[in-house]
Each structure stands twice: as C-alpha cells, then as structure tokens.
Amino acid sequence: MFNLPWETALLMLPWPVIWVTLALVMYFKMRRDEKIGDADE
Amino acid sequence: MNLDIIVFFIYLLAMLGIGLYFTRRASASADHYLLGNRKIGAPVTAISMQSSSMSGFMFMGGPAQAFQEGWHALWYAIGDAGGSIVNLSVLGKRMRRMSQLLGALSPVEYLEKRFESTAVRVYGAVVGIIFLFAYAFAQFIAAGKALEAMSGFSYEMALVIGIGVIVAYTVLGGFLAVAFSGFVQGIIMLIGVSIIGVMVWPQVGGLSGLNAQLAEIDPTYLSIWGKDLVYYGQWGVILGAVLIYAIGYMGLPHVSVKHMSMEGGETTKNAVLWSAGFNQLFTFTPYILGMSAIIIMPSVSDPEMVIPEMIYMVFPGIIAAILLSAIMAAIMSTCDALLMQAGTTLSRDVYSRFINKKASHKQQLLVSRLCILVGGIVGIIVAVYEPPTVFALVIFAFGVLGNTFMVPYIASVYSKKANKIGVLCGMVGGSVTNIVWELFAFQNATEIHPFLAGVLVSLIAMLIGNKFGTPPSDPILNAFDLAKENKRVPKKLEKGIFDDLAPEARNISCFLETNKDIQESAIVNWSIKET
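As given, the protein sequences belong to chains V and Z, one line each in that order.
According to full-length UniProt numbering, the stretch in the first sequence is residues 1 to 41, in order.
According to full-length UniProt numbering, the stretch in the second sequence is residues 1 to 531, in order.
Just so you know, the hints here were simulated from the structure itself, not pulled from any lab data.
The reader is advised that the hints may include incorrect statements.
[Unchecked claim] List of simulated lysine-lysine pairs, DSBU-like, C-alpha gap at most 30 Å:
(1) Z/417 with Z/145
(2) V/29 with Z/417
(3) Z/39 with V/35
(4) Z/484 with V/29
(5) Z/484 with Z/145
(6) Z/362 with Z/417
(7) Z/39 with Z/467
(8) Z/362 with Z/467
(9) Z/484 with Z/467
(10) Z/362 with Z/416
(11) V/35 with Z/227
(12) V/29 with Z/416
(13) Z/357 with V/29
(14) Z/484 with Z/417
(15) Z/39 with Z/145
(16) Z/227 with Z/467
(17) Z/484 with V/35
(18) Z/39 with Z/358
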C-alpha cells in the first residue's frame, strides 16, 4: 500500500484511524457516564 | 523593512493584543491569573494543550529527523497524534474535579494536597523549577535563532523582540493569555502546515510517488527500523519513541495544568474530539514534508531548516512570510506555557507555600507576575550567553519531567492505595532513572528508551513505596470517590461559583493547613449530599 513495505504499512498506517476511534469511544463513554449521572440525580 | 518583518510584526502585535485583552480579567484573583478561573472551554483546552506540547520541534526537529531517518521518524508522530487524546481520556475529568476539590492552583500543589506530603511538593517544585526553566530557556534560544534567520535581525535583537513579546503577554494576561494565544497559534500552525503540504504533495507525486522515489534512493528509508536498519529488532526503542509523546505529555506540568483549568469535567469529552481532529490533521504532515525534502531539496545544508527553505522555494513574498509566522507560533506556544508554569511553580509552590504563607490575594498576584517577568528577563540573558549547562539540562528536561510527574498524576486519580511514600519513591525513581539512562547511554546496551525505563522504574518504585506509607486520610478518599464517579459534581463546585466568593476555592482547600476541619466537613457534606 502506497509503495510501502508490508511491515511499515501494517504497523504505521492504521494509527490515525486507531486514535480517532479511541477518541470517539471515549466521547461516547463520557457522554453515557454523564447521562447515567443525570438520571441518578 | 521587508515584507517578512512587517507580517511578523503584525503577528507579534496580535499576540500582544491577546495579553492586553485578558489583563483585567486575569487580575481578578490568583485563580483567574494562574488557571483562567477554570473556565477554559473544549476547543481552547484541546488545541492549546497540543500546541504547547509540541514546540518548535514539529517544524524543525521532527522534519529533520524524517529527512535523516525516513519513515522510522513517524513513530514519534504516531505517539504525538495520540498524545492529548490519551492525556484527556486518562486524566481530564478526574484531575479537573480533584484539583478543584483540593483547591490546588498549580500541578505541584495538587500533588502535595492529594498525597498530603510537603516532601512531594518540595521535590516536585525543585524538579519543576530546574527543568521547566531550562526547557523554557532552550525554547527562547530556538525562538531567537529562528527569528534571526527569518528577519535578518541580530540574534540579540531577535531575542529581545520575540521573547519580550512572549514575556509581556504572559505577565499581563496570565494563563488566559497563554491558553488563548496557544489556541490561535495552533490554528496558525495547522493552516500553515496544510498549505505547505498541499503545495508540496503534487511535486513528489503524492504518498505513493514519494515512497517510490525514496525506495530508489535507499529502500531502508521506508523501514520502521530506521535508515540502514540501525534500530533493527529494537522494540524497546520503538515503544519508547511512541510512548514518550503518547503518554509522556501526562507528566509535563505545563500540559497537565490544562486539565485543571477546564470549564468543567464535562468539557473533557468535547476536548477529546477536538484533539483527535487537530492532531490527525497536523502531526503527520511536518514529518512527511521532511521526507519530501529528500526528493525535492536533497542538498539542504541544515536538515532543521528544511521547512523554512521549502517555504521560500514554493511560496513567494507575503505567503512565505505568513507561513514562517507559523513556525514562530509553534515555538512561542511552548515558550509561553513553560514560562507561565515555571513562574507559577516559583510563586505558588515556593513563595506562597514556604516564604509568605499568609500572602494576600493581591500579593500572590503580584508575585506571580514578578516571577514570570524575572524568569523571562533571566531567560533572555541566559539565551544571549547560551551557557552549556542549559543545553546539558535540556537534554533531560522532557524525559525527567515526564518520568517525575506522570505516574503520580495517574495514581492521584486511579489509585486509592497510592500514598506519600509511594509517590515520592516514584518521583525520585523516575527522574533519577531518566538522568542515569541518558548520562550513561544505557539505551545502547539495553535497547530500552530512557523514557520507557523511567516509567517502569517510577511505577515499580511507587508500588513498593506504597507498602510503607500510611493510607490517605478520609477526606482525600472522599474527594477521590467524588472525582471518579459518573455523577456530576455539584454545579456550584464544577463551575467554580464559590471561587467568586472566596478566591482560590479556599472553602474546600488546603488539607495541610489550619482550616483542615472545615474542608473535611465540606467534602464529606458534598459526598453525603451526592449519595
């Protein structure tokens, strides 16, 4: 992919996707926590 | 006066304007001056956190590394791209809440109050003052040299003008000026690097074209192990390269303070998204530009100047001048945050804590400003003479700060068992390991990055030390539970309404001081009310 050796492509290219996914997971987790907190009040 | 200088002066005036704009608001209380009254929103938190972390390295050191090592240098960009996402996810909400519950205004004060130990504060303040100032002074030197190269001024004149503006807006506007200028500088950096990227992209034939041409010159440019495979099989080095930025920022006081200044715990979730967007758009491009320089300007004499030279090669006149301001923005956004934090440590953790414990609100504010001003003036003098000891300290600065504070900050909000002995052992173990690893070049023998070694030793030392200290007091454990739970902390506390009545959240502050009983009951009352 992109004329890179498989090792480089496999280990380096997915990282932007991994970070964005982590950010989205954390966003929805924190939003859920807030809703649980609001429901308890 | 040429166009570059006019554009650059406009940029400097804009930064000065930010400082002036926030002067009055910053003067309201020490809380306003040191933490922006804990009212900083998500976009400013996220972008200023990243811009103050990255420094001029992103426009000079990073591209130079990519120019010399090829794709291996991207490991650092990968860590950087996740740095503030990890930082906010791990520490964000909990540290924000805990710091307000403890009434802490500086990251070192926060550790003292959380772990109920004067020794923690003394050690933290000593490490903080030495390495934050050394780090700041090195950034001053970088700023002076960059400005000298761009403007044609003498080095001394460039220092006085460039650093003078940074010192002025930091002294005037305090944390608010630093945060908002960091936000503006981050946007300038993103726009600048994107424009350069768009112009250079077709010249190298996109990413595929770039890689094909690099492979023709030397196939090892494309390897994860570095040019000529110098790091072949050294996973410890690669892991350290990623982790130093991915988790290392959590240990930098001038970065972690952004958690304490957020508008509320809920700001964290939006800040995480802002970080994700900004980082993925920004962090990789300077490194890819560094590799592009291997193709389009292979004979560049100083690899650190590949981006400035690329700008002059690709863009004419005014555009080049604007883009060069982006480089100064990267340097300045770190300079001001470091100066602010070093001054805060000096005023809050030394003067207000040990010299004049009963300092009035006005005295604290004045001393904070004086510490930053004096620090800035000394910094300019140091930068003029460039003493070798500063460079000797700077080599350790990032790693030592990260290894000293990272484990304690994480433990402060995730471990109930962590106590003062454990944390002190972790701080000393982490910092000493990093220095020893660097001094004796243990990386070569062990194939383990100094930062990774420091983290491991700091963690192990803390776990062992925890066996010997006394458990945290009940009020601290109550604050710990309040900070971690899903429920919202009472709005009055979250929004800092009490601060308007009593600056510095004194009503819930200072477990070590005379009003301990009042604070214990305040936290217990909130805890009971919540449950």
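Each hint tested on the structure:
no.: 1; hint: Z/417 with Z/145; verdict: violated, 48 Å
no.: 2; hint: V/29 with Z/417; verdict: holds, 26 Å
no.: 3; hint: Z/39 with V/35; verdict: holds, 22 Å
no.: 4; hint: Z/484 with V/29; verdict: holds, 14 Å
no.: 5; hint: Z/484 with Z/145; verdict: violated, 45 Å
no.: 6; hint: Z/362 with Z/417; verdict: violated, 38 Å
no.: 7; hint: Z/39 with Z/467; verdict: violated, 39 Å
no.: 8; hint: Z/362 with Z/467; verdict: violated, 43 Å
no.: 9; hint: Z/484 with Z/467; verdict: holds, 23 Å
no.: 10; hint: Z/362 with Z/416; verdict: violated, 36 Å
no.: 11; hint: V/35 with Z/227; verdict: violated, 50 Å
no.: 12; hint: V/29 with Z/416; verdict: holds, 23 Å
no.: 13; hint: Z/357 with V/29; verdict: violated, 42 Å
no.: 14; hint: Z/484 with Z/417; verdict: holds, 15 Å
no.: 15; hint: Z/39 with Z/145; verdict: violated, 35 Å
no.: 16; hint: Z/227 with Z/467; verdict: violated, 46 Å
no.: 17; hint: Z/484 with V/35; verdict: holds, 15 Å
no.: 18; hint: Z/39 with Z/358; verdict: holds, 26 Å
This entry does not satisfy hints 1, 5, 6, 7, 8, 10, 11, 13, 15, 16, going by the numbered hints stated previously.
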